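**Q** Dock chain B against the given chain A, drawing on the hints supplied.
For the record, the sequence lines run as chains A and B.
For the first sequence, my numbering assigns the number 101 to the last residue and increments by one with no breaks.
For the second sequence, my numbering assigns the number 292 to the last residue and increments by one with no breaks.
Worth flagging that the hints you see were computed from the coordinates, not collected in a lab.
Treat the numbers as computed from the prediction; the structure is a model and nothing was measured.
For each residue, glycine too, the CB sits at the ideal point set by N, CA and C.
Be a bit skeptical, because a hint or two may be false.
Which chain B residues face chain A? A few, computed with CB under 7 Å, are given here [what the hints assert, rightly or not]:
1) LEU169
2) ASP173
3) TYR174
4) GLY279
5) ASN283
6) ILE286
Rough simulated footprint, nothing fancy, chain B against chain A, three-plus residues with beta-carbon under 8 Å [stated by the list, open to error]:
7) 28-35
8) 38-49
9) 71-82
Below, a list of computed lysine to aspartate or glutamate pairs in the EDC-like style, where the Cα atoms sit at most 16 Å apart [as the list claims (entries may be wrong)]:
10) A:LYS54 with A:GLU19
11) B:LYS114 with B:GLU190
12) A:LYS23 with B:GLU190
13) B:LYS193 with A:GLU34
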Amino acid sequence: MLEGIVLEIISRGEIYGYEIARKLHAMGFEGLAEATVYALLLRLERNRLVHVTKRPSELGPPRKFYTLNEKGLEELAAFWARWDFLSSRIQMLRNQGGHDA
Amino acid sequence: MTFSREITDQIAKFAREQSRFYLEDAEMTYLEKLRRKSGQTRDKIKAKLAKFKSRSDTAVEAENDMILYMSDYMKDLIAEGYSEQEAFERAKQELAFRSDTAKSSDLRKRFEDYYRDLNPADYEAAGLFYAGFLFIGVAIGGIAGYLAGGGRTMFLSGGWVDTLIGTAAGGILGIGCGLIGNAVITLTRKR
Numbered sequence: 001m002l003e004g005i006v007l008e009i010i011s012r013g014e015i016y017g018y019e020i021a022r023k024l025h026a027m028g029f030e031g032l033a034e035a036t037v038y039a040l041l042l043r044l045e046r047n048r049l050v051h052v053t054k055r056p057s058e059l060g061p062p063r064k065f066y067t068l069n070e071k072g073l074e075e076l077a078a079f080w081a082r083w084d085f086l087s088s089r090i091q092m093l094r095n096q097g098g099h100d101a
Numbered sequence: 102m103t104f105s106r107e108i109t110d111q112i113a114k115f116a117r118e119q120s121r122f123y124l125e126d127a128e129m130t131y132l133e134k135l136r137r138k139s140g141q142t143r144d145k146i147k148a149k150l151a152k153f154k155s156r157s158d159t160a161v162e163a164e165n166d167m168i169l170y171m172s173d174y175m176k177d178l179i180a181e182g183y184s185e186q187e188a189f190e191r192a193k194q195e196l197a198f199r200s201d202t203a204k205s206s207d208l209r210k211r212f213e214d215y216y217r218d219l220n221p222a223d224y225e226a227a228g229l230f231y232a233g234f235l236f237i238g239v240a241i242g243g244i245a246g247y248l249a250g251g252g253r254t255m256f257l258s259g260g261w262v263d264t265l266i267g268t269a270a271g272g273i274l275g276i277g278c279g280l281i282g283n284a285v286i287t288l289t290r291k292r
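Here chain A stands alone, though its shape is the one from the complex (with noise of 0.2 Å):
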């Protein structure tokens, strides 16, 4: 499910590793361990989901900015796709017992 909320964030525009994890925490995120982003950025990286560009840091290293490759969109509409299925289904549940009305 994380997955699909980054991309969602990195869809909206160009971001950095650490300002995911800042927007994260806003959301109310809290609890969430400061590596999980990192490790996660690095899948969405390795399954070429995303289009990085480096830009130069204050820091030394360049620092990395993410923003959607196609592929990166088609998973995040699957995503999307398997979330409206999910919580539908959920709310049936909760409503009528899993029953359709």
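**A** What follows is chain B alone, placed relative to chain A:
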């Protein structure tokens, strides 16, 4: 904001140590897909990649990413009131690799291999080597000490000390031979 030289070095050292575990973890998912396609075993691919990884651009990038990520996190912590050292310790704790998939699975595999290849007969043979050499050594040392000391007459008038020294030296020699026997068993088993 810039960090002290000492903390900057510590961040770089931590990033170099930890980033490879995260990278390996991220690559394993990719490798598993690759394995399905190519039919190669994961270990073979992993071994090949490990040689490449240690000097690859990807490893350096992962390391740099962690340096920046950690530095950003530390800046936030310092803004909250942490000292530089406290922020580093907290960031280190938060960013240390915890997954079972890379670091401990290697160790577990080595243990599994060790216990799988364990042969009780080897231990029995090693024990017999020790005991055998020890008895032979003690006997030879004792006889040598007894004879060098001057035989029965001298043994009874204080020459027993030479016998005792010979026995002790023979015992040590026996243990030494036992160790060599153990080494031979270990080397033979490795082949």
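**Q** It remains to establish, for every hint, whether it holds in the given structure.
**A** To see whether the hints hold, each was checked on the structure:
no.	hint	in the structure
1	LEU169	holds (6 Å)
2	ASP173	holds (4 Å)
3	TYR174	holds (6 Å)
4	GLY279	violated (50 Å)
5	ASN283	violated (44 Å)
6	ILE286	violated (44 Å)
7	28-35	holds (count 3)
8	38-49	holds (count 8)
9	71-82	violated (count 0)
10	A:LYS54 with A:GLU19	holds (15 Å)
11	B:LYS114 with B:GLU190	holds (13 Å)
12	A:LYS23 with B:GLU190	violated (23 Å)
13	B:LYS193 with A:GLU34	holds (10 Å)
When held up to the earlier numbered hints, the structure conflicts with 4, 5, 6, 9 and 12 and fits the remainder.
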